[in-house]
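> Working from the sequences, and respecting the hints, build out all of it.
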Amino acid sequence: MIYDRMGARGSGARRLILPVLSGRVKAMSKPELIAFIRDEIQEHGPIPFVRFMESALYHPTLGYYTSPGEKIGFRGDYYTSSSVHPIFGELLAKQLLQMLLALGEGESGYTLVEMGAGKGTLCFDILSYLKSTSPDVFNRLRYIIIEKSPTLRTRQRQRLEPFFLDRVQWEEAVPDRLIGVLFSNELLDAMPVHRLRVDRKTVQEIYVDWKDDRFVETLGPPSTPRLLDDLKKIDVQFDRPTEIEINLQAIDWMHRIGQSLARGYVVTIDYGYPAEMLYTPRRPKGTFLCYYRHQTNENPYDHIGEQDMTAHIDFTALARAGEEVGLSVIGFTDQTHFLMGLGIAQRMEPYGMEMDRSDEAKKQFLAMKQLMAPDRMGRIFKILIQGKNIPPELKLDGLQFKPFFKLLTLIFFFFMM
588 MIYDRMGARG SGARRLILPV LSGRVKAMSK PELIAFIRDE IQEHGPIPFV
638 RFMESALYHP TLGYYTSPGE KIGFRGDYYT SSSVHPIFGE LLAKQLLQML
688 LALGEGESGY TLVEMGAGKG TLCFDILSYL KSTSPDVFNR LRYIIIEKSP
738 TLRTRQRQRL EPFFLDRVQW EEAVPDRLIG VLFSNELLDA MPVHRLRVDR
788 KTVQEIYVDW KDDRFVETLG PPSTPRLLDD LKKIDVQFDR PTEIEINLQA
838 IDWMHRIGQS LARGYVVTID YGYPAEMLYT PRRPKGTFLC YYRHQTNENP
888 YDHIGEQDMT AHIDFTALAR AGEEVGLSVI GFTDQTHFLM GLGIAQRMEP
938 YGMEMDRSDE AKKQFLAMKQ LMAPDRMGRI FKILIQGKNI PPELKLDGLQ
988 FKPFFKLLTL IFFFFMM
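For the sequence shown, the numbering used here gives the first residue as 588, with consecutive numbering after it.
I should point out that these hints are in silico values taken from the structure, not numbers from a laboratory. Small disclaimer: the values here were computed from a predicted structure and weren't measured. Heads up, the beta-carbon is just placed ideally off N, CA and C, and yes, glycines get one too. Keep in mind that the hints are not guaranteed to be accurate.
With a cut-off of at most 27 Å between alpha-carbon atoms, the simulated BS3-like pairs for lysine-lysine come out as follows [claimed, not checked]:
id	residue 1	residue 2
1	Lys950	Lys681
2	Lys950	Lys706
3	Lys872	Lys819
4	Lys706	Lys788
5	Lys681	Lys982
6	Lys989	Lys975
7	Lys975	Lys820
8	Lys718	Lys982
9	Lys798	Lys872
10	Lys706	Lys718
FRET-style restraints, in silico, Cβ to Cβ [stated by the list, open to error]:
id	residue 1	residue 2	range
11	Lys735	Pro937	21 to 27 Å
12	Pro937	Thr811	51 to 57 Å
13	Asp943	Val823	26 to 32 Å
14	Asp943	Arg813	55 to 61 Å
15	Leu953	Thr883	18 to 24 Å
16	His631	Met942	47 to 53 Å
17	Arg907	Lys989	17 to 23 Å
18	Gln629	Leu953	50 to 56 Å
19	Thr720	Pro937	15 to 21 Å
20	Asp826	His631	49 to 55 Å
In structure tokens form, the structure reads like this:
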């Protein structure tokens, strides 16, 4: 997912009414899922938006992520970096290998933990790279996938057969006292978020109610004191009514994996910003968006259970949560500079030289360029690397180019056009 939302609209009224049960929506949404959410509201009253989003995405059988159907790629709703070109997984594997070798072999060998593995494409590309470039590490590697969706677990097994199925194990949670590298790619943006409307004097949470055969949004007090605590940490003045998202589940996730990790690295790849860039008057409606068949929209009450919902990540909050459990920030960069440090320019060069003579070379070059382009995936996706009890002298290849060297990036792309 690569859309960066920037809005200029002001705040709406105290109640927003968004149609759900028009004829078109009936055809596109899941009636059983609508009924499930409606019944909960009618029994308990308005629910925080985070609860609506949780049900729409993760209902055990009807949710967007838990039900069958293509989510990623041309036939799905969005692209991920690993679905654009396998070089993303290969270069990420190069960075993970550097980390594993620095940590050394533990009692269980070398350990990689992928949290949320999608269709298994990234896992396949990483294992392919390790098998071909470092067979000694590959043969002593324990690759763990943490995946809550039974549907995706099945897809992952299908992707890994017959080459790597015996190299991978699926777990419900990260093992305790782990020595290794934990990583995720576009996991946190899919976690349900609290949506707040704030100004200088008030903080109100967005709730979902059921009125006149449709879902409506209403405002109420924060559903948990944690929201006010996190808002104080943001330390931003909201001079006019502004909608923001707070991802408490991402904070809890960081706490859990930090507590489970005895020694190693955490690599988080997602789209978002530091707090001072995320919470700004330039985004008066926040960053919440829905994705349906590669089109974005702002209506979560359409295509319920059939569309993705997402919000940008607050990397400042993630870094702070990590510090609270002993994870130090090793580096923070964007995808352009991360891949440059790992050698993508050298990998692209042969294809660039053959573009005029080969359609296949042009196809490969343009796909790799999409991963790097500063106006697309390269700028929007960020990489946060944290560590605990790690070798202080190790300089990671993916962090050798600083993201503020924008001139270098522009020169590179001008030359490669």
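> All the hints need checking, so say for each whether the structure fits it.
Hint by hint, here is what the structure shows:
| no. | hint | result |
| --- | --- | --- |
| 1 | Lys950 to Lys681 | holds, 23 Å |
| 2 | Lys950 to Lys706 | holds, 23 Å |
| 3 | Lys872 to Lys819 | holds, 20 Å |
| 4 | Lys706 to Lys788 | violated, 45 Å |
| 5 | Lys681 to Lys982 | holds, 14 Å |
| 6 | Lys989 to Lys975 | holds, 22 Å |
| 7 | Lys975 to Lys820 | holds, 24 Å |
| 8 | Lys718 to Lys982 | holds, 24 Å |
| 9 | Lys798 to Lys872 | holds, 24 Å |
| 10 | Lys706 to Lys718 | holds, 20 Å |
| 11 | Lys735 to Pro937: 21 to 27 Å | violated, 41 Å |
| 12 | Pro937 to Thr811: 51 to 57 Å | holds, 54 Å |
| 13 | Asp943 to Val823: 26 to 32 Å | violated, 50 Å |
| 14 | Asp943 to Arg813: 55 to 61 Å | holds, 57 Å |
| 15 | Leu953 to Thr883: 18 to 24 Å | holds, 22 Å |
| 16 | His631 to Met942: 47 to 53 Å | violated, 59 Å |
| 17 | Arg907 to Lys989: 17 to 23 Å | holds, 22 Å |
| 18 | Gln629 to Leu953: 50 to 56 Å | holds, 51 Å |
| 19 | Thr720 to Pro937: 15 to 21 Å | holds, 18 Å |
| 20 | Asp826 to His631: 49 to 55 Å | violated, 35 Å |
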